[in-house]
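A.B. asks: Listed below are the residues making up each chain.
2 protein chains.
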Amino acid sequence: MATLSIKFKYAFPLVKAGMVMKVREKGLTIKETESKESFEIMAWVHDLMPDKRTIVLRDPTGIKEFLVDPSVVKGLTRESLVKAKGYVHSGESVIKDIKVIIKAPPKLPIDVRNPPADDPERFSKYSYLVIRSPKYMKVLKIQQWILYGIRDFLISKGFIELLPPIISPCSDPGLRGAKKLRTKLYGKEYELMSSLIMFKQAAASALGKIFFVGRNVREEPPEHLSTGRHLCEFTQIDVELAFAKIDDAMRLCEDLLKYTIGFVWDKCRSELEELNPSLEIPRIPFKVLTYDEAFQILKEMGEKVVYGKEFPQDSETKLATSLGEPIWIIKYPIESRGFYYMPDQEDPGKNRDFNLILPKGYGEVIDGGEREYRYEKIVERIKLMGEDPDHYGWFLDLAKIGIAPSCGFGIGLERLTRYIAGLKYIWEAVPFPKVPGVAPTP
Amino acid sequence: MATLSIKFKYAFPLVKAGMVMKVREKGLTIKETESKESFEIMAWVHDLMPDKRTIVLRDPTGIKEFLVDPSVVKGLTRESLVKAKGYVHSGESVIKDIKVIIKAPPKLPIDVRNPPADDPERFSKYSYLVIRSPKYMKVLKIQQWILYGIRDFLISKGFIELLPPIISPCSDPGLRGAKKLRTKLYGKEYELMSSLIMFKQAAASALGKIFFVGRNVREEPPEHLSTGRHLCEFTQIDVELAFAKIDDAMRLCEDLLKYTIGFVWDKCRSELEELNPSLEIPRIPFKVLTYDEAFQILKEMGEKVVYGKEFPQDSETKLATSLGEPIWIIKYPIESRGFYYMPDQEDPGKNRDFNLILPKGYGEVIDGGEREYRYEKIVERIKLMGEDPDHYGWFLDLAKIGIAPSCGFGIGLERLTRYIAGLKYIWEAVPFPKVPGVAPTP
Chain A
4 MATLSIKFKY AFPLVKAGMV MKVREKGLTI KETESKESFE IMAWVHDLMP
54 DKRTIVLRDP TGIKEFLVDP SVVKGLTRES LVKAKGYVHS GESVIKDIKV
104 IIKAPPKLPI DVRNPPADDP ERFSKYSYLV IRSPKYMKVL KIQQWILYGI
154 RDFLISKGFI ELLPPIISPC SDPGLRGAKK LRTKLYGKEY ELMSSLIMFK
204 QAAASALGKI FFVGRNVREE PPEHLSTGRH LCEFTQIDVE LAFAKIDDAM
254 RLCEDLLKYT IGFVWDKCRS ELEELNPSLE IPRIPFKVLT YDEAFQILKE
304 MGEKVVYGKE FPQDSETKLA TSLGEPIWII KYPIESRGFY YMPDQEDPGK
354 NRDFNLILPK GYGEVIDGGE REYRYEKIVE RIKLMGEDPD HYGWFLDLAK
404 IGIAPSCGFG IGLERLTRYI AGLKYIWEAV PFPKVPGVAP TP
Chain B
4 MATLSIKFKY AFPLVKAGMV MKVREKGLTI KETESKESFE IMAWVHDLMP
54 DKRTIVLRDP TGIKEFLVDP SVVKGLTRES LVKAKGYVHS GESVIKDIKV
104 IIKAPPKLPI DVRNPPADDP ERFSKYSYLV IRSPKYMKVL KIQQWILYGI
154 RDFLISKGFI ELLPPIISPC SDPGLRGAKK LRTKLYGKEY ELMSSLIMFK
204 QAAASALGKI FFVGRNVREE PPEHLSTGRH LCEFTQIDVE LAFAKIDDAM
254 RLCEDLLKYT IGFVWDKCRS ELEELNPSLE IPRIPFKVLT YDEAFQILKE
304 MGEKVVYGKE FPQDSETKLA TSLGEPIWII KYPIESRGFY YMPDQEDPGK
354 NRDFNLILPK GYGEVIDGGE REYRYEKIVE RIKLMGEDPD HYGWFLDLAK
404 IGIAPSCGFG IGLERLTRYI AGLKYIWEAV PFPKVPGVAP TP
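Sequence lines, in order, name chains A and B.
So the first sequence is numbered by my numbering: it starts at 4 and just counts up by one.
So the second sequence is numbered by my numbering: it starts at 4 and just counts up by one.
These are computed hints drawn from the structure, not numbers from a lab.
Treat the numbers as computed from the prediction; the structure is a model and nothing was measured.
All residues carry an ideal CB built from backbone N, CA and C; glycine is no exception.
Where hints are given, some of them may not hold.
Said to hold, decoys possible - Derived, one-sided and incomplete: chain B residues facing chain A with beta-carbon distance under 8 Å:
(1) D62
(2) G65
(3) P167
(4) G211
(5) E306
Claimed, not checked - Some chain B residues well away from chain A (every beta-carbon gap over 10 Å; in silico):
(6) K55
(7) R125
(8) I163
(9) L184
(10) M388
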């Protein structure tokens, strides 16, 4: 039997015959009926042209225009679910009958054809409609393949992926002004994970090379909304390597990014050609600047930088953008970062750490470093930060027994998705965004 | 250059040459030195034989015995990290010098050689040591490949994997006696996700065929500890198909389980041969019983079952075990389940739902069904359960616009891991378990 020529544009790449096709026959795609020229589809009304002679239908594979008689679409509303029957005539697809399965109200809270990315409050509140738009369907497909590529790369290098904890009595203390969320389990205080740093050190001590795809939650200062680079719920690809050094980890990151971007080009060529055609597979290794070198350049650029503090994120972003390529910044001053970095013996006052800053305004996407693993030093650093060591109970118990020296990093998955898909805002890079200062959202 | 014959037993399957080998040379594996018969390794002291003439060292690839002179191991403690130098002589590996990098205390809270799975409180409290034991390193490797196999299968069928939300103003109301955890974001009440059901319906309405690897949190009644089948933090492979029916979803589950178990046999043959050699690739389709049929059989078996309520989990587990094969139970009474199932038009009072019950005492591993998607009916069902519709704000807003009819299911990943790895308790099937009634744990 011949297949009809009516196809939605963005076909899923791996749909195979068999049982799933059986499922699809029941709805999503075109079903052959007796005549090879007729068809029947289940789809959402994406758009109705003002002349009522053209209708755009949408299913998970994309959108498609059909000719229609105005009488058939009378009273029809966008985002209604319909069963449509039609035929193909001289290459034109014509719909002759529409049955409404679910009628959407005439007024919708956002325009699915063009979701309001410039209005993060409405964009996040109605995220369940945003994900219906063809643009964000493509972004989510790209994100799936980014994650797939990262997993494939790491597992091929012998890493073990572990399930990420969601709550623990203690989470990362170094949050750049964000707050941790709290909850209770059996009356005991827990925190939602804001980073998996302590679990990474514990797991690398057991399994050597590990990663988590960690979902973290932080209450970001509301003013971070304007950066377009912060989410309250975000994903960190959290990688840790026992006995490794920063050079090993930085090379691993470079290879991983190069591999992943190439992989996504393979899997999502049409999507990238539409959303971000200028995306290049990066040339590695990336340029390296020390904190001190970056500080000098930023001062000369007129940026407001204070020695001994992390650079304002806008400033480091401007730096990478002005250089036009991804930049490693290494060896931050000890006092500027969390307690878990290892001081550099050869460069007193500095950590053995690194950040990767992307150009074109995308900013920081990876941070990492060698870890402090010595019990006394960890306690000393926690106190220096004005924190109570008792809060870090299980981690310090483990440190007393012994943690492997290790090096690791976290990749911000939504930031990487934003870069790869060429998105203006980070809330465009996740299916149900929670943006700074806005609650409640789904 | 020849490679030395000293290898740890459980080599990671995909370690490749190149950068990662460079990392490994620095520590975890044996380093060739000038003489081809000598070696140097970084490893943990797994065991010391009472005669002090044999030492067992451990690295992420497994454990290995070495001969040693008692003077070399004087004062050495288990779980210390050491750098050991030695040589191979007549097939025996001999260690001649040990340098302690981190000295573990003489008394450890658990025995890493044989973690106390029968004592869930200590097992979960010291999970960071449990994952060092060779047995649980194997379990975690199996779990990684289970997840990999599931992802591969679903993605090959055209499903899109989405990032799972962690918090939302509302989560699943139907929890079999467990409580939801609460938190606040910007002063607003949120719940930790206890299931992704509402997000699944929203996402399937947009993308058709979707899945989440959802990390859910519930405060289980402390008495659920004794079942060995409940965790407070657990992973659900949450799959949803727009326009599908229960038959489609049940066939998909069967194919998925068959594929995944075969895949794990391929990837983890030595681990499964050790942990669960009798694991079979299941014959599909599985046997199907209606709730009414299962009720009759359970009554005849003398089980305490009440018509109209879910079966006690012990009872349904006994049923599958007595039949010696996985069993589908379908068409539960409406009042026994959550509000989101679709009633069966042809069988009044019953849902179009299904549970998969595993034999050999493993019990329920999948539940699913067709979903109620009609706004008025959802509100009616919420009220019938004595709940306030206002609590389900965003979901009802979406239902008013329109949700696709869909069918879906959740696979308990830790339960499946327990079944595949042949584990006695579910807390053995996750790296950092949170067990009923026990807090705080990491």
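A.B. asks: Please check whether the beta-carbon of I163/B is more than 10 Å away from every beta-carbon in chain A.
C.D. replies: At roughly 5 Å from the nearest Cβ of chain A, I163/B sits no farther out than 10 Å, so the non-interface label is violated.
A.B. asks: Measuring from the C-beta of P167/B to each C-beta in chain A, is the shortest one below 8 Å?
C.D. replies: holds (7 Å)
A.B. asks: Given G211/B as an interface hint, is its Cβ closer than 8 Å to any Cβ of chain A?
C.D. replies: holds (3 Å)
A.B. asks: Regarding the hint that D62/B lies at the interface with chain A, is the smallest CB-CB distance below 8 Å?
C.D. replies: holds (7 Å)
A.B. asks: Would you settle whether the hint for E306/B is holds or violated, based on the nearest Cβ-Cβ distance to chain A being less than 8 Å?
C.D. replies: violated (30 Å)
A.B. asks: May I ask you to check that R125/B keeps its beta-carbon over 10 Å from the closest beta-carbon of chain A?
C.D. replies: holds (13 Å)
A.B. asks: Does the CB of G65/B sit less than 8 Å away from some CB of chain A?
C.D. replies: violated (11 Å)
A.B. asks: Would you check whether the claim that M388/B is not at the interface survives, using Cβ distances to chain A and the 10 Å cut-off?
C.D. replies: holds (21 Å)
A.B. asks: Minimum C-beta separation from K55/B to chain A exceeding 10 Å: can you confirm that?
C.D. replies: holds (21 Å)
A.B. asks: Please settle this one: L184/B was flagged as non-interface, so is its CB more than 10 Å from every CB on chain A?
C.D. replies: Non-interface label fails for L184/B: nearest chain A Cβ at 5 Å, not farther than 10 Å.
Of the hints listed earlier, those the structure fails to meet are numbers 2, 5, 8, 9, in rising order.
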